[in-house]
Each structure stands twice: as structure tokens, then as C-alpha cells.
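K.L.:
Here is what each chain is made of, one letter per residue.
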Amino acid sequence: MELIEDILLKTNQLSVGYTQKRKPLPILSGINLSLKRGELVCLMGQNGVGKSTLLRTLSGVQTPLEGYVELDGENIHQLSRIETAKRISLVLTERLNAGNLTVYEVVAMGRYPYIGLDIRLSNEDLDKLDEVIELVGIRTIVEKPIYQLSDGQLQKVMIARALAQNGEIIVLDEPTAHLDLNNRVSVIRLLKSLATTTGKLVLMATHELDLALQTADRLILVDQKGGLSEGIPEDLVLNGTLDKVFDLKGFDLKTGKYQHESGTLGDIQLIGDGYSYLWTKNALERVGFSVVDNGERSIEVMVGDNVIKWQYGKKYVTSIRDLIDLL
Amino acid sequence: MNKQIDWMRRMLLPLVTLLFLVINISLGSVPIPFSSIIDVFIGGDVKDSWELIIWHFRLPKALTALLVGVALSVSGLQMQTLFRNPLAGPFVLGISSGASLGVALVIFSFSIFGITLSQIVGGSWLMIIAASLGASLVLLVVLLAAQRVKDSMSLLIVGLMFGSITGAIVSVMQFYSSDEQIQMFLIWTFGSLGGLAWDELYVLGGMVVVGLSLNLLLLKPLNALLLGERYAQSMGVNLKLTRWLIIISTSLLAGGVTAFCGPIAFVGLAVPHMARLLFTTSNHVKLLPAVIWIGAIVMLFCDIVAQLPGSEQVLPINAMTSLIGAPIVIWIIVRKRNMNNQLS
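One line per chain: the protein sequences are A and B, in this order. Going by our numbering, the first residue of the first sequence is number 1, and it counts up by one from there. Going by our numbering, the first residue of the second sequence is number 328, and it counts up by one from there.
Source of the hints: derived by calculation from the structure; they are not laboratory data. Owing to the predicted nature of the structure, the values given are computational and were not obtained by experimental measurement. Please note: incorrect hints may appear among the correct ones.
As the list claims (entries may be wrong) - A few chain B residues that don't get close to chain A, going by computed Cβ distances all over 10 Å:
1. Val343
2. Leu345
3. Glu507
4. Tyr529
5. Leu543
6. Leu544
7. Asn550
8. Leu553
9. Gly555
10. Asn565
11. Ser609
12. Ile657
As the list claims (entries may be wrong) - Below, computed lysine to aspartate or glutamate pairings styled on DMTMM-like, alpha-carbon distance capped at 25 Å:
13. A:Lys23 / B:Asp375
14. B:Lys613 / A:Asp125
15. B:Lys613 / A:Glu124
16. A:Lys144 / A:Asp125
17. A:Lys86 / A:Asp125
All C-beta atoms in this analysis are idealised placements derived from N, C-alpha and C, irrespective of residue type, glycine included.
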């Protein structure tokens with residue numbers, strides 16, 4: 001059941017692209033999307049398919065070639081500059097070189113659409129800043145200058161700044177691009193929980209297929225030919241849309257695994273269960289065996305108290321490495 | 328630490344400025360005892376020639392130094408933020424090259440009619456007007472370019488190109504000119520803080536005040552620009568308007584200075600860095616007052632040294648600013664080491 005009032009961002013026959021010599025050059029067209037409050041939406045597609053252009057148009061920075069974007073029933077491109085800033089906030093990938101600003105100063109910039117030219121923060125602004133600093137969990141670093149932050153911390157600061165701007169939509173352009181795995185997970189988890197707790201629409205372009213599949217409420221996929229598909233991640237996996245869009249080679253989305261060239265070293269029957277079975281199977285497939293139900297050779301995984309043993313023929317080994325050596 | 332810096336900004340900088348202003352007025356080719364200088368200001372009994380020197384030479388010169396320092400430094404700060412480039416300064420948009428073109432045209436074309444500029448009544452105003460017109464002309468073209476180009480970086484390149492063009496034209500004119508004219512032009516390029524009459528000082532002061540006032544309106548957009556143009560736009564900053572205001576403010580500040588005092592290098596580039604390094608901030612709310620005071624101090628100091636205390640010689644101020652300023656910046660960088668993080 002989709003309630004009409006839940007829909008925050010809606011596009012109608014939207015066509016995005018550029019104008020060159022007065023001629024429209026559409027990159028993506030015929031886009032009809034309805035995005036709801038409280039959702040984490042990931043925009044995915046290979047490089048150069050027009051994700052950024054779409055994102056810019058959806059956030060009101062770029063005017064569409066055709067159609068329109070509706071934010072809560074209002075045409076986004078008719079909002080004033082300040083009004084747009086109060087409703088949509090951005091997190092970008094570009095590197096900052098405002099090294100000497102403190103974290104607090106950067107987060108406080110989120111309040112710029114609300115305050116006068118003298119940059120005086122009201123009590124209301126201060127409360128809001130306090131709230132977002134708590135929400136994002138950057139309390140301990142607020143006095144630090146930006147240049148001392150790690151990439152992960154910096155991204156959180158920029159997210160806090162976007163939150164302080166208090167828009168209904170936060171648009172992020174590859175927020176996890178420069179981050180290590182740990183930080184990627186923590187940033188995406190943060191975004192997911194923000195969408196849920198604050199009821200904002202979080203819209204991000206990303207290449208993190210695995211994380212997007214596990215956290216996004218909805219995916220928008222752009223394929224190489226400029227076609228758009230949209231849906232919840234699981235549906236898109238099962239109906240093969242994701243495979244098509246990403247032209248995945250050797251990665252099986254349904255199992256979430258990289259598919260190995262099978263069978264070069266022969267078949268092997270593997271007996272066992274649980275994690276020990278799974279990881280043994282992984283290792284065998286990686287080095288080039290096919291794991292089958294009935295093979296000439298068989299390996300049994302035996303899990304005892306705190307030890308795992310593998311039996312192959314009459315020999316026992318205590319690590320997968322020894323097992324592979326044995327084979 | 329922060330409180331200490333705050334205290335330093337609020338108290339120390341104005342005090343040092345005042346001190347340098349007093350020293351600046353006290354020194355000159357004619358030795359005047361300090362008590363007599365005070366007498367001049369409180370209306371005591373002083374030799375007429377001394378009173379004349381103070382009122383008509385030293386005080387205008389000191390105030391000019393102060394205005395020049397403030398104007399160039401603030402304009403340099405704006406340019407560095409707008410272009411996100413630590414090497415930007417007040418003259419990157421071609422203001423000084425435009426002014427030099429105007430002055431060169433006046434000096435060299437008069438030679439065609441066989442008149443020397445010094446023979447004309449109101450020659451100094453003529454130079455000022457020529458410099459202003461030249462600077463305005465170049466700025467006008469840059470402004471037109473600003474309407475068309477989308478990003479500030481292209482604007483920077485347009486400005487630099489105009490610098491090259493005007494430089495080339497001036498070279499060609501010099502090639503066909505007499506030694507006397509070339510020397511006259513050369514002296515103009517040395518810059519000079521002296522020789523401004525009170526009425527000229529008022530005009531310069533007015534331009535600087537208006538230019539500074541524009542800056543008060545620009546604090547918020549300038550801060551937002553520290554995050555980059557796209558972020559600034561997303562926070563509701565009107566980029567085009569901001570760019571226009573910055574250009575207008577800089578043309579008043581740097582254009583005014585160049586018209587009245589000739590090109591004065593380095594201060595505009597160095598002072599913002601000094602302020603950033605001393606106060607470890609990029610926030611314009613804190614930076615602007617620091618830049619204003621440090622700009623005044625640096626210029627007053629350069630002028631004091633340029634007068635070669637105790638002698639009757641005065642060194643070209645344009646050379647002094649670089650000669651004194653560059654080592655200071657190098658010293659601060661070496662001490663702070665992490666310059667790269669400090670630049671905005």
C-alpha cells in the first residue's frame with residue numbers, strides 16, 4: 001500500500017541532459033519516479049550513464065530538458081534558491097581544502113540558509129546543531145580542524161552538515177568513494193538509520209553493490225542504454241535486472257558469490273555442514289575443484305570441540321591449507 | 328588557546344597598529360622630536376615648518392600606508408577564497424595591468440605632443456584618472472567574461488591573459504619612447520605612498536570604506552565558498568551575485584590603491600596567509616578583522632623601513648613590500664610546517 005502523502009519526490013516524464021548550441025542533448029528521458037519519505041534509495045549504474053546529471057536535476061541544481069520534478073507537490077525548479085536550500089541538502093565527493101575550519105564551523109554552515117548575513121546563530125540554530133552532532137556521533141571531534149580528520153570522519157561531518165540544513169531530502173554523490181570497508185559500512189548504516197529515524201528521504205549514487213543490496217529500501221538502476229529500472233533490491237536480483245545493468249561477469253548475485261571456472265581439477269564430494277562446510281567449499285572452488293554431490297573423491301569436515309578436522313581418504317588435516325596441499 | 332588568540336586579536340593587533348602608526352609619523356628625513364609631534368596634534372606651540380611636515384606629509388603618508396595595507400590585504404583574501412588558490416592576489420583579475428596600461432598611455436602619448444607630464448597642472452589627478460580608467464576597462468571586460476564563463480577558474484585565466492596583453496602593449500610603447508618617459512613610467516611602477524594630498528586621501532578613503540563594507544555582506548558566501556562552489560550553491564548562495572560583489576569590492580580596493588599609489592605587490596598575497604597561520608582559522612568572520620589589522624601593520628612597517636630612518640633616501644615601496652614580506656611568510660611556513668592544510 002502506497003499512501004499518497006508518503007511520496008516526497010516525484011518525477012513526471014523527466015528528461016535530463018544538457019543543451020548544446022541550443023539543441024537539447026538528453027542523457028536519460030521518460031523518467032517517472034516516486035520516492036517516499038524515510039527511505040534509503042540508491043542510484044546505481046556504471047560510470048558515465050548519467051547518474052550525476054540525474055542527481056543534479058533531482059536536487060534542483062540543473063533544469064530538466066523536459067518534464068518536471070515535484071517535491072511534496074511543488075515544482076522544484078520554481079522554488080527560490082533559499083527555499084531549495086532549506087529542503088534539499090547535498091553531500092558531495094569533492095575534496096575540501098578548507099583545512100583550518102573546525103568541524104563545528106563546517107556543520108554550522110548547514111544553518112546558512114536560515115541565518116542572516118552576519119552569520120549569527122539563534123538558539124534554535126544552536127539546538128539543531130547540537131541535535132545533529134549527537135545524531136551523527138561526532139561529539140568528540142567538534143573542535144578539531146578539518147584537516148586532522150580521517151576520510152570516514154570527514155564524511156560524517158559532511159553528513160551532519162547536510163542534516164543541519166534540515167532538508168526533507170539528503171542527496172549524496174558516492175558518499176563512500178574514498179573510504180575503507182569499515183567506514184563504508186558505518187557511513188551506510190548511519191544513512192540507513194537516519195532515513196528511518198528522521199523520516200528524510202536519503203538518495204545516493206553509489207557503486208557499492210553489496211552494501212546497497214543489503215541496506216537500500218529501493219534501487220534505481222540506470223543501464224548503458226539509458227534505461228531506468230526501479231524496485232526493491234531483492235526483486236531486481238531475482239528478475240535478473242541487476243545482472244543486465246551491471247553486465248556482471250562471473251559474479252552470481254543470487255548467491256552473492258564470485259563464480260569460479262568450475263571443474264578444471266575434477267569433482268570432489270564434500271560432506272559436512274555449517275560455516276566449516278561453506279568455507280571449505282569456497283576454498284575448494286577457488287583453487288579449481290567442483291564440489292558435487294557424488295564424486296570419486298570425498299572429503300569430510302568434522303567439527304569437534306574447538307577444532308575442525310578434514311578427512312581425505314585415510315588422512316586427517318587440521319587446516320584448509322594442508323587439505324589443499326594434500327589434494 | 329582559543330581564548331588567547333581571541334585576546335591577541337582584540338587587543339594586541341590594534342595596539343601594534345597604533346604603535347606603528349606613531350612610529351611611522353615620528354620618522355622622516357627631518358628629525359622632529361616626539362614631544363613636538365604630540366604638540367602638533369594637541370595644538371601646542373610648534374615650529375611652522377614642522378607643523379607643515381606633519382600635517383601635509385607625514386600624516387597623509389601614514390594614513391595612506393594604512394589604507395593601502397588594509398585594502399590590498401582584504402582584496403587578496405577575497406580573491407584567494409573565490410579562486411580557491413593560495414597564489415591569488417588582488418591583481419589576478421588584471422587590475423594593476425589595466426592601470427599600468429592607462430598610465431603608460433598617458434605618459435607615452437604626451438611625448439608625441441612634446442609635453443612632459445610634470446608641466447601640466449593637475450598632472451597627478453591625470454595619472455590617477457588614467458590608472459582608474461585603465462583598471463576599469465580591464466575589469467569591465469573581465470566582468471563581461473564573468474557573465475559568460477561558468478566557473479571562477481576560467482575567470483582567473485581570463486584575468487591573467489589580460490595581464491599579458493596589457494603588459495605586451497606597454498612593452499611596445501616603451502620600445503618607442505624616450506629614456507625620460509620610460510624612467511617616469513618606471514617610477515610609477517615602483518609605487519609610492521607619499522604625495523597624496525588630503526583631497527586625494529579622502530577619495531581613496533571613501534573607496535576603501537565602500538569596498539570594506541561590501542565585504543561585511545560577503546562573509547557568509549565567502550565562508551560557504553570554502554567548501555567549493557557546488558556546496559555553496561546548495562546552501563542557497565547566489566554564486567553569480569557573490570562573484571559580482573567580490574569583483575566590485577576588489578576593483579574599489581585594489582583599483583583605488585593602484586590608481587593613487589601605483590602597483591604595490593605582495594601585501595595582498597601574503598597578509599591573508601599570515602592571518603591564517605597566526606590565527607589558525609579559515610573562517611572569514613575571524614579572518615577579516617585579522618587581515619585588516621595585519622595588513623595595516625605590515626604596510627606601516629614596510630613604509631617605516633622604506634624611509635631608511637636617519638637618511639634622506641626613500642626606497643621604492645613596491646620593492647620593500649616583497650623584500651620584507653617574503654621572508655616573513657617563509658619564516659611562518661617553516662615554523663608551522665603544515666602550510667598545505669592552512670590554505671583555503
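K.L.:
Please flag the earlier hints that this structure goes against, numbers listed from lowest up.
P.N.:
5, 6, 7, 8, 9, 10, 11 and 13
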